[in-house]
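Line order of the protein sequences matches chains U and S. Counting in UniProt numbering, the first sequence runs from 1 upward without gaps. Counting in UniProt numbering, the second sequence runs from 1 upward without gaps.
Check before you lean on any hint, since a few could be wrong.
Stated by the list, open to error - Selected chain S positions facing chain U (in silico; Cβ < 7 Å):
| no. | residue |
| --- | --- |
| 1 | Leu25 |
| 2 | Leu26 |
| 3 | Leu27 |
| 4 | Gly73 |
| 5 | Ile125 |
| 6 | Ser126 |
| 7 | Thr203 |
To be verified - Straight-line Cα separation of at most 27 Å, BS3-like style, residue types lysine-lysine; simulated pairs:
| no. | chain 1 | residue 1 | chain 2 | residue 2 |
| --- | --- | --- | --- | --- |
| 8 | S | Lys16 | U | Lys25 |
| 9 | S | Lys149 | U | Lys81 |
| 10 | S | Lys179 | U | Lys93 |
| 11 | S | Lys16 | U | Lys88 |
| 12 | S | Lys113 | S | Lys185 |
| 13 | U | Lys64 | S | Lys16 |
| 14 | U | Lys105 | S | Lys88 |
| 15 | U | Lys88 | S | Lys206 |
| 16 | S | Lys206 | S | Lys79 |
| 17 | U | Lys81 | S | Lys68 |
| 18 | U | Lys93 | S | Lys149 |
| 19 | U | Lys88 | S | Lys185 |
| 20 | U | Lys152 | S | Lys113 |
| 21 | U | Lys81 | S | Lys105 |
| 22 | S | Lys161 | S | Lys79 |
| 23 | U | Lys123 | S | Lys149 |
| 24 | S | Lys79 | U | Lys88 |
| 25 | S | Lys179 | U | Lys105 |
| 26 | S | Lys68 | U | Lys88 |
| 27 | U | Lys68 | S | Lys149 |
| 28 | U | Lys81 | U | Lys68 |
| 29 | S | Lys68 | S | Lys79 |
None of these hints come from the bench; they were simulated from the model. Here the structure is a predicted model, which means the values were calculated and not measured. For each residue, glycine too, the CB sits at the ideal point set by N, CA and C.
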Amino acid sequence: MAAINLLPKDLLPSAGLIKTAKLLKNLLTLGFGIFTIVLVGLVAFFVLNSISLRSSTARQEELKNSIKALEQTEQGLVLVKDRLTKVKEVLAKDSGAEEVDNLAKVSSLTTAGVDLTEAVVFKEELDTTFNVSDASVLTSFMAQIIASGDYKRIDLNSFSFNPSVGYLISLAFISK
Amino acid sequence: MAQSDLSKKLLSPNVKAFMGPVGLLLLLAILSVFAFRFGFAKISEQRQSVATARQNESVLSQKESILKDVQSGVPSYVKAVAAALPEKNPSLSMVSQLRILSGEKGLSLGNIKVGSEIAAGGASISEVDVTFGIEGPAAEIVSFLAAVKDLAPVSTIEKAKINRSSIGTRADITLRVYKSEFPQKLPSLTEPARALTDDEKTTLTKLSALRLPIFSELTPQGGAVRENPFE
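Put together the whole structure using the sequences plus the hints.
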């Protein structure tokens, strides 16, 4: 049986409009679909992030407790670091320690006939006075000092001769 | 009557056919704007929290690992560094060290003077001068001076004057010793810890090789019964 539409024609929307409305309905269905998918995605992402945040917070608490148990070690490490920084500063200060090493070296070069009568250790210089019995000993002693090559500069501060004691020489050793 | 005609015109079949989809489209648009704006803001805030939490976790984990690594060595390091640069005036322990060293070298130590504490620049380090005289064989005096740098607390030789005469050899020496307050605060729990650098380890090895001062602890004696002098 054929369908009969008894409505007057002016009460029906135009055919073009019906098509457009259908297209809009399809678009709406697609839009709602996309909206739902995105919304579900966002919620899933939110839930996953929440789980991750909760587990990270729990791990942090665990680590904090473990660190608190190691508090004495931490105190020690902080102290060691603090001392090392300051000791480094102290060790960088000028000291006569190097000049003392130089004095030990010079003393080891003294042979029979050479007497170290006076030595003054400063932070940057070593002043010495030697009493040398004769010229040949003096020559070999000076040659030994020069051959050692340990000093940046050697200043001859004074040189004198006394027939009763021999040669008196004052040398300043500068190694810095 | 006129109103009914107008509504009829406005709600013509064309309008009616569009009203449903357009209304739903508007609803979808409004919902999308609210949901996405709120959702994205919340998620971005949450992602930031996760990133911060992960960063904190990594810092804490690194700190725990550093502390566990040094745990066994720290007590000996502390002993070495605290002896090298003490918190309190180190002149007394230095004098004790000098006495021991001079005794070992067969030298006689005397005329000991301790100066007053002076603040040495910044970095909260103070210095004290210790002046003394030693007598004995010249070679031993030189050896004594060379050994001073191996003593804890750390010191610097300010001046040493050695005189040799017919009576013997005498040296007048001025050493400078240093002290500094211990740190009072621990860094916050989430502050990253720094492991010892190679340079620091080298300095630590040097300090560990220093000769530590010997401290003896006196045990308290029990009170003895005093005799009555009037009986």
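Here is what the structure says about each hint:
no.: 1; hint: Leu25; result: holds, 6 Å
no.: 2; hint: Leu26; result: violated, 10 Å
no.: 3; hint: Leu27; result: violated, 9 Å
no.: 4; hint: Gly73; result: violated, 9 Å
no.: 5; hint: Ile125; result: holds, 6 Å
no.: 6; hint: Ser126; result: violated, 11 Å
no.: 7; hint: Thr203; result: holds, 5 Å
no.: 8; hint: S:Lys16 / U:Lys25; result: holds, 14 Å
no.: 9; hint: S:Lys149 / U:Lys81; result: holds, 22 Å
no.: 10; hint: S:Lys179 / U:Lys93; result: holds, 14 Å
no.: 11; hint: S:Lys16 / U:Lys88; result: violated, 89 Å
no.: 12; hint: S:Lys113 / S:Lys185; result: violated, 35 Å
no.: 13; hint: U:Lys64 / S:Lys16; result: violated, 66 Å
no.: 14; hint: U:Lys105 / S:Lys88; result: violated, 36 Å
no.: 15; hint: U:Lys88 / S:Lys206; result: holds, 11 Å
no.: 16; hint: S:Lys206 / S:Lys79; result: holds, 13 Å
no.: 17; hint: U:Lys81 / S:Lys68; result: holds, 16 Å
no.: 18; hint: U:Lys93 / S:Lys149; result: holds, 13 Å
no.: 19; hint: U:Lys88 / S:Lys185; result: holds, 21 Å
no.: 20; hint: U:Lys152 / S:Lys113; result: violated, 34 Å
no.: 21; hint: U:Lys81 / S:Lys105; result: violated, 35 Å
no.: 22; hint: S:Lys161 / S:Lys79; result: violated, 33 Å
no.: 23; hint: U:Lys123 / S:Lys149; result: holds, 14 Å
no.: 24; hint: S:Lys79 / U:Lys88; result: holds, 17 Å
no.: 25; hint: S:Lys179 / U:Lys105; result: violated, 32 Å
no.: 26; hint: S:Lys68 / U:Lys88; result: holds, 26 Å
no.: 27; hint: U:Lys68 / S:Lys149; result: violated, 38 Å
no.: 28; hint: U:Lys81 / U:Lys68; result: holds, 19 Å
no.: 29; hint: S:Lys68 / S:Lys79; result: holds, 19 Å
In the structure shown, a violation is registered for the earlier hints numbered 2, 3, 4, 6, 11, 12, 13, 14, 20, 21, 22, 25 and 27, in ascending order.
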